[in-house]
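S.K.: Here's the letter readout for the chains.
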Amino acid sequence: MIWFILKKLTHGLGSIILIILVLSFILFYAPIDPVRMSFGQRSDEETINLFKQKYYLDKSLGIQIFHFFEDLSPLQWVKNNDLRLEDYKKQFIFKGEFSSLIIKKPYFRKSFANGRPAWDLLIEAFPSTLVLAISSILIAIILGLCLGFIASIHVNSIWDRLILAFCSISYSIPSYVSSLLVVVFFAYWLGDYTGLPIQGSLYEFNDEGDLRLELKNLILPVVALGIRPVSMIAQMTRVSCLDVLSSDFIRTARSKGITNIRLVQKHLIPNCINPILTTISSWFASLLAGSFFVEFVFNYKGLGLLTITSLNQFDIPLIMACCVMIVILFVIVNLITDFLYSFFDPRIKFYD
Amino acid sequence: MKTSIFLAKAYLMICIIVSFLGYLITVDKTKYCNTQVLENSFLDPFSKSCFENIRKQPKKLKDYIFGMEEYEKQYKSDSPTSNCKIYLLGTDRYGRDLLSRLIIGMRYTLLVSLLSVVFACLIGVILGSLSGYFGKLYELVVTFFVNIFWTLPTILLAFVILISFGRNISSLFIAIGLSLWADIARLVRAQVLSFKEQNFVSSAKAMGFSDIRIIFSQILPNIAGPIMVQASGNFALAVLLESGLSFLGMGLQAPVPTLGNILQDQYTQVFNGQILQSLIPAIVLVLLILSFQLIANDYRDRLDVKLYH
Amino acid sequence: MKILSIENLSISFGQNDKLVEAVKCLNLDLNQGEILGIVGESGSGKSVTAMSITRLLSSSAQYVSGRIQYFNEDKTIELLSIKENELQGIRGRAISIIFQEPMSSLNPLLTCGDQVAEGLLAHKLLPRNEVKDKVLFWFSKVGIQEPNRVYQSFPHQLSGGQLQRVLIALALCCKPKIVIADEPTTALDVGIQKKILDLLLELKKEFNLSIIFISHDLGVIQYLCDRVVVMRHGSKVEESETSEVFINPKQNYTKGLIYSRPSIKYKLRRLPTVTDFEKNPDYKNWKDDINLINSTEQDRKNIELCQAKILIDVNNLKIEFIQSRNWFGKITKKIVAIQQASFKIHEGEVLGLVGESGSGKSSLGKGILGLTQISSGSVIYKGIELTKLSNKEWRPLRKELQIVFQDPYSSLNPRKNIYSAITEPMIVHQIYSNEKERKEKAVDLLETVGLKSEHLQRYPHQFSGGQRQRICIARALALNPRFIVCDESVSALDVSVQAQVLNLLVELKSKFGLSLLFITHDLSVVNFIADRIIVLQNGTIKEEGYPYQIINNPKSEYTKSLINSLI
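Sequence lines, in order, name chains A, B and C.
Those letters in the first sequence? Residues 1 to 352, per this note's numbering, in order.
Those letters in the second sequence? Residues 1001 to 1309, per this note's numbering, in order.
Those letters in the third sequence? Residues 2001 to 2567, per this note's numbering, in order.
I should point out that these hints are in silico values taken from the structure, not numbers from a laboratory.
It is possible that part of the hints are untrue.
[To be verified] DSS-like mimics (lysine-lysine), calculated; alpha carbons at most 30 Å apart, straight line:
no.: 1; chain 1: C; residue 1: Lys2542; chain 2: C; residue 2: Lys2318
no.: 2; chain 1: A; residue 1: Lys104; chain 2: A; residue 2: Lys59
no.: 3; chain 1: B; residue 1: Lys1196; chain 2: C; residue 2: Lys2388
no.: 4; chain 1: C; residue 1: Lys2399; chain 2: C; residue 2: Lys2309
no.: 5; chain 1: C; residue 1: Lys2309; chain 2: B; residue 2: Lys1196
no.: 6; chain 1: B; residue 1: Lys1196; chain 2: C; residue 2: Lys2392
[Said to hold, decoys possible] Chain A side only, calculated, beta carbon under 8 Å to chain C, not exhaustive:
no.: 7; residue: Ser247
no.: 8; residue: Arg254
no.: 9; residue: Gly257
no.: 10; residue: His267
no.: 11; residue: Pro346
Heads up, the beta-carbon is just placed ideally off N, CA and C, and yes, glycines get one too.
The task is simple: from the sequences and hints, build the whole structure.
M.R.: This is the structure we're talking about:
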């Protein structure tokens, strides 16, 4: 058990590091000068040069990436005159004459665009995305399981065909189109009755300048975001139910003379959970990673919108921070899924 | 043949033919259909507008294929005898003909999707069959990359590539292709692995066929079906990604029209009461994705391939 | 006394335009306390009939006509027309089924104990707290060694034999009146097969069961059943007492089925086939002196073969499979498939290799042809050491050493027609210079294996299993080989087809002067075809000798048990 967790964790950590390496390679290699692009015309040559020196952006690609990783590492051997030292939240373990060993919080640098630490910006945006992702995946799971189950029980009936048609159509509606449709319908045409806003975030400033929770702003994004997962989960449920229903052990179970309820409860459902789980987890991961389009259309201030804004501003530290965050979320969701697999299926062993 | 599949194929054929003909059938024959008449912005569908000067007509073959390079300012006139045209779907904010832009936009969207699917298939089939057939080091390297691409939200990689290497066609199709290849490689690898165990491959080995011959002449013809299913499903995803990226402003840059660009231009029109014009690009796009999806499902049902799991 | 009666039953599958009749107007009676055998080749509708009794067929099946009656003391129950919830009271309680594939017939997510207990609970035969003891009782009744362990095991943790016993316990635990056994031993090895059959006989006596036993294997039927029904293409061909059928079969088809099985008691030159009996109903001389090979002739032939040149010489061959490696690539777990095998194959000889599943017999065949990695030892063919050759050096030798596999369905590339299947190896080895010669040769080969030239342009799926196996043989012959490995080449075929293919192999062997390594699990097949036999168990050679020596006078314990378990 311990070994299983350790193995999965090292695997996850390894892939996080590798992905960051690939992304940082592409980003630092880019034939543009992000610093100049972000600072614009405002700053003079000297400030820019100082800034570049601080983060080693004037050095070669390898050194840039090395120093970036150095910022992320919790343990660091650092020169005492290093300019970055003032930004770290650190504790000295060993203090030497020229250099010292420090333990620190991984440092994601400061946003070029507004000068705040990238990590703080992430932490502010994340709860909104988390709430959005959880609520839409919950709705998708409930609806999707019901639809898929109904379809598989009445296979080839009119209900089955209707559900399949609904699934094909809703799967083909990209989230930017679905959010558009939802906005037009509920917020524009029926806006007087529903009272739902066209745009808005989970937390909004009110007139007094305080942050307020606006649950009303959550409804339309959830609907827009949930449509495709519903269709995927429903289709997957239908396919795996039909698959299990045609298997030999269902016939054996029926030959024992057990009731249909027990057949469904003990033999059908447990056996089709795992493939459905795969679909759910991959959708949940991508919802968590930022529902870029929906947040963009609704101007919903979450991880997705933050990523897009940072991309459009060439805000490299913020882009990197967003990427790292998203990759970590993906890895965590995958880990949890792996545990759930072995929980549901005795054939998948913990240690192996 | 089921009606829905027939309709999907018909719609797809129309889209392909129309985007092939391109400037031959558009009203606006300038490159990217970019004739801007600001006085005519936000016209309703079927509205008619007349101009003082007669427009240049394309002369060379190149003009018919890529559109005319020359732009020319057009002036509105009230006299009904002068050169008139009808905007079937109305105009956008710059007074450009929406229908013409949709046709050329369809061409760019389909082109980018086609390139990215071909790119993804190439990488996926080559790497997948190498890793499946030879195993060992190939397998290690390929599964390593496949895992990376699976742990990474694909669109993120596309974003990073696009902002680093510029928002042009080549980086666009590479970015989209890279987010699709892992699925194909995984499928090909699994299929090759299962066919490798089949006796006809062992027989071919026993007859002294070379490995390359076995892969290309014995195994690949057998998995062409599943690859086609996956590729047509990926086509839908590629269209979706391309328009999505354009919608966020990360795709091809103005004035190049793509379905996503047009959608982004038009969607705010809904609040000005022009429902039809804002929804048309969306409908065209959704139908395109839907047809690819239906065709892929149809292929899959006929081949009885399990692509889930 | 009748306990079950099937009248005029017809069952079809599929939709209107593609309707397949699986069972046609079948009449069948089962008496109290008897074992009724239903025998037939694949596609004869025997399993469909069995499943229809408690309506367990998939939803695509349509009961076109007929009725199935179950006589319970004074009541008569119409099984095809009663409601589903009434039927649930009968399934398992009155009529239960032992299924064919033990691995896939149990729910992988529930313990075996729970699955058996479920049946007892469903029929409310016992209070809940006594159920476990009852299940354990049944587990020991069906001969499971550690009932407590099996109770808590998941299906993937048990062997096929144990699972089959669990399935029997599951079928019997509610003390049903009728048990339907659908090929319960087909997936098992010969040794276990006999034990399971004996168990069934014992349980039948103890609980006065009525059994419908379905099998394709006439030997099993003869051993077990009181009465036999022979089915073909969905209808009944013959029905009578077992002793009557085997001594004096009436129908030509039945005769063919019975006599076309090779036997360990005698050795024939040529096996009689169903077509022989259909063409000539009085065909009786299949067992006369001309067709029978007596022991003096066998001895003479053996001496001749011993003097022939040695074609293949296998020395201390060892084959291992790596199962897992640790992080540094060091091997942590490996399976030894073949330990130290040494034997010789003479020119023109057929060497039979007999072993149960997992004995490593297929690995040995593939190892000789270099299709599997060899750990140590040598294989010498015409003075060339085969194990050290590179792929490139192998290529010219591939012409002379060929293989024919077990499963004819996967042996042919489904996307290539027969013409290219046969000519592609010729192109690769540049045997014939032009298209025309290759085509002539291909037609020639097809006719040699008993197919027609118009079959050339067809694709594999248009052929039956037996025809495909003929094509595989033709393809192997295309390169004019000296030596062919037949890896269970006839095991997947029905009895009547198996006889035809075996006859063909014998014919071709003498025509082309081939040497064969014939791998099989079936002693009677090997007795028919082989000149010499090797018995393999767990990767070691237990015994080597001439067929009549091994069968009449086995030396090793293992061979003895193999022969004893033959039915």
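S.K.: Each hint needs a verdict: does it hold in this structure or not?
M.R.: Taking the hints in turn, this is what the structure says about them:
Restraint check for lysine 2542 of chain C and lysine 2318 of chain C: the C-alpha separation of about 15 Å stays at or below 30 Å, so the hint holds. For the proposed pair lysine 104 of chain A and lysine 59 of chain A, the alpha carbon gap of about 24 Å is at most 30 Å, so the pair holds. Distance hint between lysine 1196 of chain B and lysine 2388 of chain C is fulfilled; the C-alpha atoms sit about 24 Å from each other, no more than 30 Å. For the hint linking lysine 2399 of chain C to lysine 2309 of chain C, the alpha-carbon distance of about 20 Å falls within 30 Å, and the restraint holds.
A hinted pair counts as satisfied when its Cα atoms are at most 30 Å apart, and lysine 2309 of chain C with lysine 1196 of chain B does not qualify at roughly 36 Å. Distance check on the hinted pair: lysine 1196 of chain B and lysine 2392 of chain C sit about 20 Å apart at the alpha-carbon level, within 30 Å; holds. Restraint check, serine 247 of chain A versus chain C: the minimum CB separation of about 7 Å is within 8 Å; hint holds. For arginine 254 of chain A, the interface hint holds, the least distance from its beta-carbon to any beta-carbon of chain C being 6 Å, beneath 8 Å.
Annotation: interface hint on glycine 257 of chain A holds; nearest CB of chain C at approximately 4 Å, less than 8 Å. Contact between histidine 267 of chain A and chain C, as hinted, is supported at the beta carbon level, the nearest pair being about 5 Å apart and thus within 8 Å. With its C-beta approaching chain C no nearer than about 5 Å, proline 346 of chain A sits inside the 8 Å limit, and its interface hint holds.
The structure shown violates just one earlier hint, number 5.
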